[in-house]
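Engineer: Okay, here's what each chain looks like letter by letter:
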Amino acid sequence: MKKFETKLIEYIPSLRRYATALTSNSVCYADDLVQDTLERALKKHTLWMRNTNLRAWLFTIMHNLFINQVNKSSSYVFEDIQEHESIESAVDDPAQDYFAAQLKKHMENLPIQHKEVMLLVSLEGFSYEEVAKILNVPMGTVMSRLHRSREKLRQILFRENPTLLRRVK
Amino acid sequence: MHDTINDKEIQAYLDQQLTPENAKKFQARLKNNPAAQKKMAEYQKIEASLKGLYQPIYEEMIPPHLLNTCKQKPFNYLAIAASILFFVVGALSGWQIENFSTPHGDSLAIDLESPAMFAHSVYSVEKLHPVEVGADKKQHMNNWLSKRLKTQIKAPDLRQYQFELVGGRLLPSTKERMAAQYMYQNKKGERVTLYIKRGVWPQKETAINHSSKMLRNNSFNASFWTDGSLGYVITSQLEQQINQELSETIYQQMSLNKAQYVAVR
Chain A
2 MKKFETKLIE
12 YIPSLRRYAT
22 ALTSNSVCYA
32 DDLVQDTLER
42 ALKKHTLWMR
52 NTNLRAWLFT
62 IMHNLFINQV
72 NKSSSYVFED
82 IQEHESIESA
92 VDDPAQDYFA
102 AQLKKHMENL
112 PIQHKEVMLL
122 VSLEGFSYEE
132 VAKILNVPMG
142 TVMSRLHRSR
152 EKLRQILFRE
162 NPTLLRRVK
Chain B
11 MHDTINDKEI
21 QAYLDQQLTP
31 ENAKKFQARL
41 KNNPAAQKKM
51 AEYQKIEASL
61 KGLYQPIYEE
71 MIPPHLLNTC
81 KQKPFNYLAI
91 AASILFFVVG
101 ALSGWQIENF
111 STPHGDSLAI
121 DLESPAMFAH
131 SVYSVEKLHP
141 VEVGADKKQH
151 MNNWLSKRLK
161 TQIKAPDLRQ
171 YQFELVGGRL
181 LPSTKERMAA
191 QYMYQNKKGE
201 RVTLYIKRGV
211 WPQKETAINH
221 SSKMLRNNSF
231 NASFWTDGSL
241 GYVITSQLEQ
251 QINQELSETI
261 YQQMSLNKAQ
271 YVAVR
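The listed protein sequences derive, respectively, from chains A and B. Its first residue numbered 2, the first sequence is counted upward by one per residue in our numbering. Its first residue numbered 11, the second sequence is counted upward by one per residue in our numbering.
If you're looking for bench data, these hints aren't it; they were derived computationally from the structure. Owing to the predicted nature of the structure, the values given are computational and were not obtained by experimental measurement. A couple of the hints might just be wrong.
[Claimed, not checked] Within a straight-line C-alpha distance of at most 30 angstroms, the following computed DSS-like cross-link-like pairs (lysine-lysine) qualify:
id, chain 1, residue 1, chain 2, residue 2
1, A, Lys45, B, Lys198
2, B, Lys55, A, Lys134
3, B, Lys147, A, Lys134
4, A, Lys106, B, Lys55
5, B, Lys18, A, Lys134
6, B, Lys55, A, Lys153
7, B, Lys197, A, Lys44
8, A, Lys106, B, Lys48
9, A, Lys105, B, Lys55
10, B, Lys198, A, Lys153
11, A, Lys4, A, Lys134
Given the sequences, and given the hints that come with them, work out the whole structure.
Structural biologist: Now the structure itself:
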C-alpha cells in the first residue's frame, strides 16, 4: 500500500494540466491552485475513503477551490494571462498550430461550467459518472454541457476555417 | 432507408461509452453516413488538439515547491499524536463518566455508551435482518421511532461520507427505556450505527466523547454525546478519526433538526 503523499505526487502532472487549462493558461495561478489543492488534500486526507478514486477526489477539491475563488475575487481568472503564458503547442504543422490557438481562444469564451466538463472529459479522460460526482451535478447535465461545448467549438472552428479538416488527411 | 446518426451516438462513441460490440456496429453505420463521418472527424480533431495543447505541461518536471508540499507531512505526526490523545482522554473520561451517575439519573457509560456498542456488535454483523424497517420507508421509520421515543428524531444524512442509510430499529435499553438504532453502510460493506436514547443525563450538554472497546472479539470505536434529553452514540469499526468526523456531522445535523423542530412548534 503506497503512502498517501506518494500517491498525491503521482497525480500532480494531471492536476497541473487541468489547472492550467482551467485558469486560462496562467501557469502561475494554476500552480497556486494545485498547491492549495494538495494542502487541502493533506489536511483532509481522513475524509478520503480508502480504495475509492483518489484522483477524482483531488479534482473535486480543486473544482471547489476554483469555484470559490471565482465567486470571491476571480483572482485565478482575470489576471493578465499573457505575461505568464508558457504553454506552446505541441505540434509542428503551422496549420495545426493555428487551429490549436483558435481552439484555445474559443475555449475561453465557453461558460466556466461548460469548460470544466469539457476539460474533465476530453483532457483528463474522466467518465461521465466521475465528472458528475466531481462537479456535483446530474450525469445528464454533464452530457448536455459536453455536447453543447463541443458543438459550439465545432461550429466556430470549422465554419470559420472550412479548409482545415482537409489538411488532416 | 436512410440511417440517421444523432449527436448523442457520436458523443457516446467519441467518449468510448459503447461496448466493443456496439462500437463495431456503430463504425459500420458510420461508414455509410458521410455527414456523421465528417462531424465525427471534426470532433476528433478538437479532442486531439486539446490534448496536444496541454501535453507539454503534463510532461514538465513537477515544480519543487509542489513536491515539497507533499513531502511535508506534519499531519501524520499530528494524527498519531491525536489518536494517542483520544485514547488517553477517552480512557480517562470513560473512567470518570462511569463513576459519575446521580442516583436517579443515567450514566453515560452504563446507560448510553455500553448498550449502544453492544447493539452495534449484535446487528452490524447481521446479514439477513440488519434493520427492522428499511431505508425505503424512511419517512415512516422516522415517524414511528419518534413516536416510540416520544421525541422528534430523524435519520441523519451521511452520503457525503459515502454511507447510505440501511434502515433502523427500535431497541429495549436500560432502565425500561427504549432506544432507536439507525444503520448505515458504504460500498465496501462497512457499517456505522447511530444509537439515540432519551434519558436524564448528568449534563444537559456534553462535548463529543470517544472510546474504544473489545466486544465479541472485535474492537469498536464509539463517539457519544448528549444534547438535552437525548443521548447519541455513533459506533463503528472505522478509524477513530473517521468516527469523529461522522459524529461531528451528525451533531450538526441533529442540532439543526432540533432548531427546525422548535421553530415549527
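Engineer: Work down the list of hints and note, for each, if the structure agrees.
Structural biologist: Hints versus structure:
1. For the proposed pair A:Lys45 and B:Lys198, the alpha carbon gap of about 21 angstroms is at most 30 angstroms, so the pair holds.
2. At roughly 27 angstroms between alpha-carbon atoms, B:Lys55 and A:Lys134 fall within 30 angstroms of each other, so this suggested pair holds.
3. A C-alpha spacing of about 26 angstroms is found between B:Lys147 and A:Lys134, which places the hinted pair at or below 30 angstroms, so the restraint holds.
4. Taken as a hint, the A:Lys106 and B:Lys55 pair is honoured in the structure, with Cα atoms around 16 angstroms apart against an allowance of 30 angstroms.
5. Taking the CA atoms of B:Lys18 and A:Lys134, the gap is near 21 angstroms; set against the 30 angstroms cutoff, the hint holds.
6. At roughly 14 angstroms between alpha-carbon atoms, B:Lys55 and A:Lys153 fall within 30 angstroms of each other, so this suggested pair holds.
7. Restraint check for B:Lys197 and A:Lys44: the C-alpha separation of about 24 angstroms stays at or below 30 angstroms, so the hint holds.
8. Distance check on the hinted pair: A:Lys106 and B:Lys48 sit about 23 angstroms apart at the alpha-carbon level, within 30 angstroms; holds.
9. Restraint check for A:Lys105 and B:Lys55: satisfied, since their Cα atoms lie roughly 13 angstroms apart, inside the 30 angstroms limit.
10. Proposed proximity of B:Lys198 and A:Lys153 is contradicted: the alpha carbons are some 41 angstroms apart, above 30 angstroms.
11. Note on A:Lys4 and A:Lys134: the hinted pairing holds, with a Cα-Cα distance of about 25 angstroms set against a maximum of 30 angstroms.
In this structure, the one hint that does not hold is number 10.
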